[in-house]
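**Q** Chains as they are written, first to last, in this note's numbering: chain A, 56 to 588; chain B, 93 to 454.
Mixed in with the good hints, there may be bad ones.
[Claimed, not checked] Cross-link-like lysine-lysine pairs, in silico, BS3-like; alpha carbons within 27 Å at most:
(1) A:542 / B:112
(2) A:536 / B:192
(3) B:211 / A:542
(4) B:160 / A:571
(5) B:284 / A:571
(6) B:137 / A:565
(7) A:536 / B:160
(8) B:284 / B:450
(9) A:565 / B:284
(10) A:558 / B:159
(11) A:567 / B:192
(12) A:536 / B:211
(13) B:137 / B:450
(14) B:118 / A:571
(15) B:112 / A:558
(16) B:160 / A:542
(17) A:572 / B:118
[What the hints assert, rightly or not] Partial list, derived from the structure: chain A residues whose beta carbon lies under 10 Å from chain B:
(18) 425
(19) 428
(20) 488
(21) 489
(22) 534
(23) 541
(24) 543
(25) 549
(26) 552
(27) 557
(28) 560
(29) 573
(30) 576
(31) 577
These are computed hints drawn from the structure, not numbers from a lab.
Source: prediction; values computed, not measured.
Idealized CB from N, CA, C, for every residue including glycine.
The residues making up each chain are set out below.
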Amino acid sequence: MPKEAKKEVIIAQELAKKQREISISEFFTKNRHLLGFDNPLRALLMTVKEAVDNSLDACNEAKILPDIHVELKKITEERFKVIVEDNGPGIVKEQIPRIFAKLLYGSKFHRLRMSRGQQGIGISASVLYSQLSTGKASVILSKIHPKKPAHYYELKIDTAKNEPLIVKDEIKDWSHKDHGTRIEIELDAKYQKGKQSVDEFLKQVAIVNPYVKITYITPENEKIEFPRVTNELPIEAKEIMPHPYGLELGTLIRMLAETSARSVQGLLTSEFSRIGSGTAKEMCEKAGLKPDQKPHSLTAEQAEKLFRSMQEVKVIAPPTDCLSPIGAELLEKGLRKEIPADFYVTTSRSPVVYRGFPFTIEVGIAYGGSLEKESQVKLMRFANRVPLLYQQGACAITEAVTGISWKPYGLNQSGSNIPTGPAAIVIHMASVWVPFTSEAKDAIAHYDEIIKEIKLALQECGRKLNAYINKHVRAQEQREKIDLFEKYIPELANALSNLTSDKKEVLEEKLKKLLKKELPTLEAENGAKEQSK
Amino acid sequence: MAQKNKASEKLKELGEGVVKDIEKGKNPSVEVPLRALSNVKFNTKSKTLELGDKFASRYFFNVAHAKKFLQTMEIASILKKELLDTDKHEHLRGVFYMTKRTIPGTNVNLVDDQTESDKILEDLEVITGLSREELHVSANKMGSLVGNIILEDGDDIIDCSKLGRGGYSVPSIVDELNIKKVNAKYILYMEKSAIFERLVEDKFWQKNEAILVTSQGQTTRGIRRLLQRLSEEKNLPIYVLTDFDCWGFYIYSVVKYGSIALAHASEKLTIPNVKFLGITADDIIKYDLKKHLIKLNEQDLARMKQVSEYDWFKDNKGWQRQIKMMKEFGAKAEIQALSAKGISFISDKYLPDKIKNKEFLD
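Work out the full structure, taking the sequences as your base and the hints as a guide.
**A** Take a look at the structure:
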C-alpha cells in the first residue's frame with residue numbers, strides 16, 4: 056500500500072472516533088416539535104394526554120373500570136405539576152424505570168392492535184421534557200396487588216445513552232390503594248381554557264369513553280367530575296398479524312432477518328394475516344424464489360421482489376374482529392352526558408380496510424339546545440378514543456366534513472367550509488394502525504378509503520338530523536302560518552265590510568271557522584296555474 | 093256621476109262575490125285575467141291588442157296568495173270608500189301611501205313599495221273592466237304639448253300656442269277636457285323631450301302648422317288618450333319620432349296598437365292610423381350618419397328578438413326590413429344623430445322633406 060493511501064485510512068479512523076451514534080434522546084431535544092412539545096401550552100396537554108392514554112390502555116387490558124384522578128398544580132405562572140393517578144393494574148418494579156425513562160420502550164410498537172398509544176414514545180417524552188425544562192426528576196408510584204408493597208421512584212433519563220437514571224428507589228406505604236399508578240411530572244408549561252385545553256381534552260375523553268370516571272382538579276383548585284355512565288368495558292381488541300397490503304419493505308426485511316421460520320413460505324404463512332400455503336407459493340413464484348428458500352439468505356434485491364409480488368397477489372381482507380369500536384349506543388350516552396342538546400344521532404359503521412389495516416368509523420351529532428346557532432359546528436376528532444385537538448385543518452376528518460354539502464342535511468354552509476348551526480359532531484376512527492400525518496399524532500393522513508367511510512357515516516347521521524329538523528321546523532312554520540292568517544282575517548273582514556256593508560264581526564267569525572277547515576290545504580298550489588274560461 | 097256609481101257598484105260586486113264564497117264555506121277567491129304576452133292577442137282586423145280569456149284564481153287561504161288577496165280587497169275598499177264614494181281623485185303614489193301600513197300584531201307590511209300597489213290597481217282594472225281613470229286614480233303628468241290648439245278644462249281656457257317653451261302639461265285624465273279649436277295640419281309625437289325643445293326653439297310648429305307632443309320615454313295614458321281624441325275628433329294625422337332602436341319601435345307600436353301591460357284598455361287607447369316617421373335605417377344611409385351609430389349590446393339584441401316576433405311586427409315587411417338592417421349594421425342610432433348635419437337640420441330639412449315626400453312606415 057502506498058504511503059499516501061495508508062495515511063488516508065488513518066484519518067478516516069480518526070474521524071470515525073469522533074462520529075458517534077446520535078441518541079434518540081438527543082434527537083428529541085433538538086426536534087421536540089415533532090413530538091408536540093413545541094410550546095408550553097401544548098407541553099402541558101401532551102403530558103396529561105400521554106398519562107391518561109396509558110392509564111386507560113392499562114385498565115382496558117386488565118379489565119378494570121377506570122377511575123382516574125387528574126390534577127394540575129400551579130407552581131408559578133410558567134411552571135406546573137401534572138399529577139395523574141389511576142386504579143389500573145400497576146407496573147412491576149423492574150419495568151418502571153424503562154417505561155418512564157427510556158424512549159421508544161414499550162410493547163406497543165411492534166404489534167398490530169388497536170390501542171391509544173401507538174408509537175410508545177409517549178410518557179417518557181414528558182419525563183424528558185420535564186427534566187430538560189426544570190431539571191427535576193419525575194415521581195412514579197405504583198402498586199400491583201393489595202398485599203404487595205408500592206414502589207416509589209424518582210427518575211431521569213441519561214440522554215446520551217437513552218437509559219433510565221434512577222434518582223430514588225424506595226418502598227412506600229400506599230395502603231388505601233389496592234393497585235394503580237401515580238405519576239407526578241413538573242414542567243415548564245402554560246395553562247389556558249378553551250379549544251385546545253386540558254379541560255377540553257378531558258371532556259372529549261369522557262364523551263368517547265363513557266365507562267371512565269375522571270376527577271379533575273384544575274389549577275384554580277376547582278373540582279370537575281366526569282361521571283361514568285356505563286359499566287360496560289370496551290371489548291378487548293385482538294392482536295392481528297400484519298396483512299401484506301399494509302406492509303412496508305423495511306418491515307419485511309426486518310422480519311426476514313428476525314424470523315424463526317425456516318422457509319420463506321413458512322414465514323409468509325405463519326407471520327402474516329390471510330396468507331395460506333397456496334398464496335405463499337404464488338408469491339414466491341412471482342418473485343422468482345423457491346418457497347423453501349431460507350429467509351435469512353435473501354438478498355436485498357430478492358426481498359424487494361418478494362415485497363412487490365406480495366402486493367400483486369390477491370389476498371382477502373384482514374379479519375376485522377381486532378377492532379373495539381365505542382358503539383352507537385354508548386357514543387350517544389357519552390354525548391348526552393357532556394353536550395346538552397335537543398337531538399342526538401350516532402352511527403357505528405362496519406369495519407373496512409385501507410392498505411391492509413382494518414378500521415371502523417363512528418360518528419355522532421348533537422343538535423339544538425344551548426349549542427351556538429350562528430357559529431361553526433363544534434368538530435371533535437378522535438383516533439382510537441383519543442381526542443385530536445391540534446391541526447384540525449390538516450386532518451382527513453376535516454376534509455371529509457368539508458367535502459360534504461351540508462345544506463341537504465339541515466346545516467348552513469358557505470362554500471366548502473365547516474358547516475354552521477347549533478350542532479356538535481364527533482368523529483372517531485378506530486384502527487389497528489391510525490395513519491397520523493406526524494409523530495405528534497394530531498391529524499389523520501388523507502387516505503381515500505378513510506375519507507369515503509367518514510363521509511358515508513356523516514351522511515347517514517345527516518339524513519336523520521335533517522328528518523328531525525324538518526319535522527321540528529315544519530311544526531314551527533305551521534304554527535307561524537296559522538298565526539299569520541289569524542292576523543289577516545280582521546283585515547280582510549274590515550275591507551269586505553267597507554265594500555259590501557256586511558257586518559265586520561260576522562265575517563270575522565265565519566273566516567275563523569273557514570281557517571280551521573282550510574288548514575290542510577294552506578300550502579296547496581291551487582289556482583297558481585293558468586286557466587281558461 | 094253615473095260613471096262613479098258604476099265603478100263603485102263594480103267594486104261592491106267584487107266584495108259580494110267574496111262574501112258569497114265565505115257564506116258557502118268555500119275558500120274565498122277572485123279571478124284575475126292574466127296580463128302577459130301569453131294572454132294577449134293581436135286582432136288583425138281591428139289592429140289592436142286584446143286580452144285573451146286566461147285568468148288565474150287568487151285564494152285567501154293559500155300561503156302563496158293570501159297577501160295579494162288581502163291587498164286586492166284592501167285597495168278595492170279604499171278606492172270605493174275614500175275616492176269613488178266621496179268623488180275624490182288620487183295619484184298612484186297616494187294610493188300606495190293609503191295602503192302602506194303594518195298589519196297589527198305582525199311585522200308584515202300590507203304593501204312594501206309602490207310597484208305592489210300599482211300591480212294591484214292594474215289587477216283591479218282587469219277584474220272590473222274599468223280603467224284606472226274610472227277608478228279615480230291618476231298617474232304622474234309626464235308629457236307636454238305645444239301648438240295652435242285651444243283646450244277647455246272646466247272654467248279654464250288653455251291656448252297651447254301661448255305657453256312658452258314648456259308648453260301645456262298634459263294631465264293624466266283628459267276625458268273631461270274640451271278641444272275647442274285646432275289650427276294644424278298634423279301632430280308630431282316624439283319620444284325625446286330634447287327634440288321637442290329643439291323644434292320649439294326652431295319655431296317648427298309655427299312654420300309648419302304642427303302640434304308637437306312629447307312624453308319622456310313610454311307614452312303615458314293621458315297622452316295616448318289625448319292623441320287618440322285629436323285623431324278621432326279633429327281627424328289630424330299623427331307622426332311618431334323615436335330613436336332607431338327596438339325600444340323606439342315598441343313606443344310607436346304602443347301608441348298605434350296598445351300595450352301588452354294595458355291590453356285590457358286597448359279599445360280606448362289605440363290609434364290605428366298613426367305613422368312612424370323616423371329615424372329609419374334609410375335615413376341613416378341617406379344622410380350618411382353611419383359613423384354615429386351605437387353598437388348593439390346584449391339587451392338590445394334580446395329586445396330586438398322579442399319585438400321582431402310580436403304578432404304586429406312579425407308579418408309587416410316594412411318593419412322586418414328595418415330590423416334586418418339594424419341587425420346588419422349591428423348598431424342603433426339616436427335621433428339626435430341628425431344634429432351632425434347641423435343643429436337645425438332636423439327642423440329645416442329632415443322633417444319637412446320626410447313629410448312632404450310621405451316617407452312613412454306604417
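**Q** The structure should be examined with respect to each hint, and the outcome stated for every one.
**A** Verification of the supplied hints:
1. This hinted pair checks out: residue 542 of chain A and residue 112 of chain B have alpha carbons roughly 22 Å apart, not beyond 27 Å.
2. Proximity of residue 536 of chain A to residue 192 of chain B is assessed by CA-CA distance (about 22 Å); at most 27 Å being required, the pair is judged to hold.
3. Straight-line distance between C-alpha atoms of residue 211 of chain B and residue 542 of chain A comes to about 23 Å, which keeps the hinted pair within the 27 Å bound.
4. In summary, the hint linking residue 160 of chain B to residue 571 of chain A is supported, as the alpha carbons are separated by about 21 Å, within the 27 Å threshold.
5. A C-alpha spacing of about 57 Å is found between residue 284 of chain B and residue 571 of chain A, which places the hinted pair above 27 Å, so the restraint is violated.
6. A hinted pair counts as satisfied when its Cα atoms are at most 27 Å apart, and residue 137 of chain B with residue 565 of chain A does not qualify at roughly 49 Å.
7. For the given pair, residue 536 of chain A sits about 15 Å from residue 160 of chain B by alpha-carbon distance, which is consistent with the 27 Å threshold.
8. Of the supplied pair hints, the one linking residue 284 of chain B and residue 450 of chain B holds, its CA atoms being roughly 22 Å apart against a limit of 27 Å.
9. Note on residue 565 of chain A and residue 284 of chain B: the hinted pairing is violated, with a Cα-Cα distance of about 55 Å set against a maximum of 27 Å.
10. At most 27 Å may separate the alpha-carbon atoms for a hinted pair to count; residue 558 of chain A and residue 159 of chain B meet this at roughly 22 Å.
11. Under the criterion of a C-alpha separation no larger than 27 Å, the hint pairing residue 567 of chain A with residue 192 of chain B is consistent with the structure, at around 25 Å.
12. About 25 Å separates the Cα atoms of residue 536 of chain A and residue 211 of chain B, which keeps this hinted pair within 27 Å; it holds.
13. In summary, the hint linking residue 137 of chain B to residue 450 of chain B is supported, as the alpha carbons are separated by about 25 Å, within the 27 Å threshold.
14. Restraint check for residue 118 of chain B and residue 571 of chain A: satisfied, since their Cα atoms lie roughly 12 Å apart, inside the 27 Å limit.
15. A hinted pair counts as satisfied when its Cα atoms are at most 27 Å apart, and residue 112 of chain B with residue 558 of chain A qualifies at roughly 14 Å.
16. Between the alpha carbons of residue 160 of chain B and residue 542 of chain A the distance comes to roughly 15 Å, so the proposed pair stays at or under 27 Å and holds.
17. Annotation: proposed proximity of residue 572 of chain A to residue 118 of chain B holds, straight-line Cα distance about 9 Å (limit 27 Å).
18. Given hint, residue 425 of chain A at the interface with chain B, is violated; its Cβ is 27 Å from that chain's nearest Cβ, farther than 10 Å.
19. Given the 10 Å rule on beta carbons, the hint for residue 428 of chain A is violated: about 20 Å separates it from the nearest Cβ of chain B.
20. Hint status for residue 488 of chain A relative to chain B: violated, with the closest Cβ pair at about 56 Å, above 10 Å.
21. Taken as an interface hint, residue 489 of chain A does not check out: its beta carbon lies about 51 Å from the nearest beta carbon of chain B, beyond 10 Å.
22. This hint is violated: residue 534 of chain A has a C-beta 13 Å from the nearest C-beta of chain B, more than the 10 Å allowed.
23. With its C-beta approaching chain B no nearer than about 8 Å, residue 541 of chain A sits inside the 10 Å limit, and its interface hint holds.
24. For residue 543 of chain A, the interface hint holds, since its Cβ comes within 10 Å of a Cβ in chain B; the closest pair sits about 6 Å apart.
25. Proximity of residue 549 of chain A to chain B holds as hinted, the smallest CB-CB distance being about 8 Å (cut-off 10 Å).
26. For the restraint placing residue 552 of chain A at the interface with chain B, the shortest Cβ-Cβ distance is roughly 8 Å, inside the 10 Å limit, so the hint holds.
27. About 6 Å separates the beta-carbon of residue 557 of chain A from the nearest beta-carbon of chain B, less than 10 Å, and the hint is met.
28. Interface restraint check for residue 560 of chain A: the shortest CB-CB distance to chain B comes to about 13 Å, outside 10 Å, so the restraint is violated.
29. A cut of 10 Å between beta carbons decides the hint on residue 573 of chain A: the least distance to chain B is about 4 Å, and the hint holds.
30. Nearest Cβ of chain B to the Cβ of residue 576 of chain A: about 7 Å, under the 10 Å cut. The hint holds.
31. Interface hint status for residue 577 of chain A: upheld, as the beta-carbon distance to the closest one in chain B is roughly 5 Å, under 10 Å.
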